[in-house]
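Put together the whole structure using the sequences plus the hints.
Number of protein chains: 2
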Amino acid sequence: MSLLVTAFLDHAREHAPDRQIVDYVDGVCVRRSTYREQDARIRRVAGALVALGVRPGDRVATLAGNHHRHLELYLAVPLAGAVLHTVNLRLDPAEIAYVVDHAEDSVLFLDAALRPAAAPARAARPGMRVVVLDGEPEPGELAYEDLVASGDPLEGPPPRDGDDLAALCYTTGTTGAPKGVGYSHRALYLHTMAAGLADGHALSRRDRVVHLVAMFHANAWGVPLAAFMVGADQVLPGPHPRIADVATIVERERATYLGMVPTLAVDLVEHVRRTGTDLSSLRALVLGGSTPSRELIRAITEDLGVPAFQGWGMTETSPMATFSAPEPDATPEERIEQVRTQGRLLPGLRWRLVDEDGAVVPHDGVSRGELWLRGPWVASSYYRGDRPEAFTDGWLHTGDVATIDPDGRLRVVDRVKDLIKSGGEWISSLALEAALLEAPGVADVAVVAVPHERWQERPVAVVVPAGEGLDPEAVLGALAGRVPRWWCPDRVEVVDALPRTSVGKVDKRALRGALRAGEQKEVL
Amino acid sequence: MSLLVTAFLDHAREHAPDRQIVDYVDGVCVRRSTYREQDARIRRVAGALVALGVRPGDRVATLAGNHHRHLELYLAVPLAGAVLHTVNLRLDPAEIAYVVDHAEDSVLFLDAALRPAAAPARAARPGMRVVVLDGEPEPGELAYEDLVASGDPLEGPPPRDGDDLAALCYTTGTTGAPKGVGYSHRALYLHTMAAGLADGHALSRRDRVVHLVAMFHANAWGVPLAAFMVGADQVLPGPHPRIADVATIVERERATYLGMVPTLAVDLVEHVRRTGTDLSSLRALVLGGSTPSRELIRAITEDLGVPAFQGWGMTETSPMATFSAPEPDATPEERIEQVRTQGRLLPGLRWRLVDEDGAVVPHDGVSRGELWLRGPWVASSYYRGDRPEAFTDGWLHTGDVATIDPDGRLRVVDRVKDLIKSGGEWISSLALEAALLEAPGVADVAVVAVPHERWQERPVAVVVPAGEGLDPEAVLGALAGRVPRWWCPDRVEVVDALPRTSVGKVDKRALRGALRAGEQKEVL
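Protein sequence lines correspond, in order, to chains Y and F. For the first sequence, UniProt numbering assigns the number 524 to the last residue and increments by one with no breaks. For the second sequence, UniProt numbering assigns the number 524 to the last residue and increments by one with no breaks.
It should be emphasised that the hints constitute simulated quantities derived from the structure, not laboratory data. Since we're looking at a predicted model, the values are computed, not measured. Glycine included, every Cβ here is placed at the ideal spot set by N, Cα and C. A hint or two may mislead.
Sample of chain F residues facing chain Y (criterion: CB under 8 Å; computed from the structure) [as the list claims (entries may be wrong)]:
{"#": "1", "residue": "H15"}
{"#": "2", "residue": "V30"}
{"#": "3", "residue": "M193"}
{"#": "4", "residue": "L197"}
{"#": "5", "residue": "S204"}
{"#": "6", "residue": "R206"}
{"#": "7", "residue": "L345"}
{"#": "8", "residue": "P347"}
{"#": "9", "residue": "P362"}
{"#": "10", "residue": "V366"}
{"#": "11", "residue": "G385"}
{"#": "12", "residue": "R387"}
{"#": "13", "residue": "P388"}
{"#": "14", "residue": "A390"}
{"#": "15", "residue": "F391"}
{"#": "16", "residue": "G394"}
Going by beta-carbon spacing under 7 Å, a handful of chain Y positions derived as facing chain F [to be verified]:
{"#": "17", "residue": "H11"}
{"#": "18", "residue": "P153"}
{"#": "19", "residue": "P347"}
See below:
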């Protein structure tokens with residue numbers, strides 16, 4: 001019996017027909033429907049896709065925000081036997097064209113507001129059908145609601161196997177072209193089961209989840225499929241929700257589960273302090289994307305009264321790979337430290353740390369190595385075989401440098417490519433950034449390597465000040481006693497903002513380039 | 001990447017090396033070891049099995065109680081590529097010989113005390129190697145600890161596939177010969193994931209489980225493998241633990257999870273009332289095997305202060321199929337009623353109710369049908385193809401008659417073969433028994449059909465009195481207003497004890513036979 005993600009649609013319809021899918025726009029509820037109603041719409045869309053000529057294995061793209069129609073496609077596309085390709089709407093139009101062309105998408109579903117971003121992709125694939133999700137279709141486009149209205153509910157889906165792809169997502173690495181990660185039905189099925197484990201995200205029938213994580217981003221952390229599986233309510237915040245909207249949604253919907261990046265969580269804490277919004281319904285605020293600061297974890301736990309957790313993973317791991325929860329007997333201070341680690345490996349996955357020579361290093365909390373992962377929901381190749389050097393015998397090289405404690409807690413130290421090699425020793429840019437962030441007057445910081453004649457590389461700190469008159473010497477002075485003296489950056493550059501990639505990560509490649517260009521200019 | 005249950009051994013060793021496996025005998029702790037130590041022993045036993053000539057797919061039988069060596073075999077046998085056949089030690093020796101011969105077991109591991117039970121099986125399979133788990137080997141036997149000492153740890157297990165069998169268990173139906181249920185690695189892997197779901201048994205790293213359910217019985221409800229997966233402590237109560245021993249173990253070990261049949265739970269409640277044993281560490285007492293009474297659920301919840309749940313399943317479902325937890329907002333009375341249902345279907349499984357004509361009946365809480373199940377850990381055939389009529393297109397006919405509420409709660413009404421057809425209408429023997437159990441002076445009861453010239457069948461109640469002087473008329477009088485008048489049994493037979501099968505179920509076939517024999521005698 002094949003493991004198919006569409007089983008979770010059946011489960012939601014049969015076991016939670018009256019649970020809700022709720023849409024918000026700008027902090028206002030605009031729609032409520034039930035799994036019973038959503039199931040009928042999803043089957044119609046699947047039927048319409050088959051009628052449009054979509055064949056098993058075809059790729060169907062979305063370029064859309066977080067709303068119920070996007071959620072419907074999460075299941076309608078795999079139900080039709082096709083592969084859901086969620087396109088990152090923050091890519092620039094040329095990159096969107098690249099991934100749509102690389103995936104050879106046969107249909108594109110898009111929000112009307114994103115037509116400009118899709119123009120080059122449409123030019124590159126003139127045979128691609130385009131369906132606009134909202135508003136009036138332009139010439140050559142189909143309207144989504146017409147598909148829903150005209151589609152015959154798909155009762156007998158095409159035969160599919162657990163190894164068939166159900167979804168596809170491109171990584172937006174800061175080096176090289178985007179690489180596709182294909183997710184088989186089986187991988188997503190098992191990933192969804194893992195999302196319900198009591199030791200992990202523990203998604204359950206009692207939950208009301210808010211999808212703040214972008215739905216184009218690595219299956220939205222896997223939370224939508226998990227909500228179908230367990231019959232949880234799902235709340236979609238619509239396009240560009242402000243932090244005030246998020247707080248309003250949690251308060252009005254009595255939401256229980258919310259995932260977000262630390263940067264947004266800082267804003268949320270600040271907003272709640274100012275407004276007193278009631279977030280007490282949350283049983284879990286899960287942080288992911290980068291390591292949260294101690295102060296953020298403390299503020300969420302103590303000031304908001306909401307249990308804070310950290311999840312870690314990447315596009316290549318579907319994405320949940322570890323989960324960090326405090327031990328039941330931890331002191332408040334230990335809890336913060338434990339949630340700051342990337343946490344424990346989810347059951348079913350394997351890991352190892354591998355040094356520069358390819359040797360496995362011990363899990364002693366000190367030895368560092370590149371983290372390799374393997375398991376039923378970890379990619380063992382990229383789509384179309386791109387970049388095979390990222391895999392060895394089915395093990396994914398994550399590109400993250402990490403330690404693992406003897407009791408199994410992961411601590412990501414740096415990206416392999418962001419480590420700074422100075423005088424034959426490694427400097428962790430992440431650790432240096434964490435120390436610099438605690439210096440007074442520093443709002444944001446990135447540390448990158450610049451070439452150095454004697455030491456090979458030396459660190460340079462690029463700092464965004466919190467206010468006026470930041471003193472670079474004072475910033476460096478604040479490092480004393482916090483990091484080894486030789487880690488101290490050679491200089492501090494003050495900038496208004498850090499360059500970021502389309503998924504909000506600091507673009508260190510751009511920074512390194514700018515710094516080198518700056519140096520050359522000085523030389524000239 | 002194949003889904004293999006032995007992945008959970010790797011997970012326990014790497015992520016919970018210091019968590020404990022604890023052995024008790026007669027309520028006294030006799031051994032503590034760690035997953036690190038157990039892993040080494042399990043690999044040695046697997047190596048010894050391969051050295052003994054066990055080949056992938058061979059069946060390896062156990063006839064043993066609940067102790068660490070039996071637990072080791074749960075993983076050592078699949079690690080060696082073989083199939084663990086746990087033999088029911090309560091079968092009579094001829095039945096043991098039947099299943100060992102049917103499975104063609106090549107090795108038998110047995111407790112020394114069970115040698116007499118194994119004698120006919122050994123005679124039937126003279127080539128079978130016999131390993132005694134405890135005490136001195138007799139001529140022709142090997143000693144388990146010699147295997148552990150001599151075995152080279154198996155580092156490179158034979159290649160196995162997720163579809164290969166990992167375990168085998170025979171059902172002890174009250175009709176016909178025992179039927180084998182083979183469990184693939186994949187089925188047990190997914191069943192183990194399901195055991196960790198927050199909406200189900202929710203086994204987690206925080207747990208200390210006690211294995212009171214016999215380890216020969218349907219993978220001991222799947223709890224041992226789940227404990228390996230999550231890194232929970234496991235406590236083994238040894239042979240024939242008395243209820244006082246169980247209470248002592250829970251109190252001393254601060255156990256968190258305990259599963260048992262309602263009959264034992266009644267004794268446990270009584271024991272705690274008398275002794276004041278502290279069971280407050282339990283986060284879950286899961287009842288399974290038959291529907292618990294309201295009073296039992298109330299007593300566990302209120303008098304013991306322990307959350308009560310019900311799990312339901314059968315050998316053919318690995319065995320967990322449903323889990324019954326109260327809704328978060330239920331009143332105390334509603335909680336009892338909700339836990340009395342068989343509960344909600346675990347994600348990944350499908351169900352339907354089918355009437356006598358093969359038509360699917362609605363889930364309206366009233367319509368009855370035979371429960372059919374299907375899913376990755378539900379058998380779709382018996383071992384060697386026995387009794388193919390129990391399956392239709394991959395659906396298992398459970399033999400249970402049930403209703404399903406509109407919100408998805410299962411209520412098992414009766415076994416198909418125990419329903420009583422009277423005047424063209426069905427009488428539920430289970431519902432009648434539940435009503436009779438509430439009559440004063442009734443300790444135990446079974447209702448069976450006897451042939452009737454006019455009504456086809458009529459119910460007869462066989463009652464075990466709680467004390468002296470039970471009045472059959474008073475028993476029937478107590479039914480007034482509780483069941484339809486025409487359900488009232490034609491007569492009440494008073495007996496000292498009910499006949500039971502090897503797994504403790506009332507043997508209704510034997511009862512029906514005895515009643516008919518009695519009638520014939522009266523006629524003669």
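Return the numbers of the hints above that this structure violates; sort them in rising order.
2, 9, 10, 11, 12, 13, 14, 15, 18
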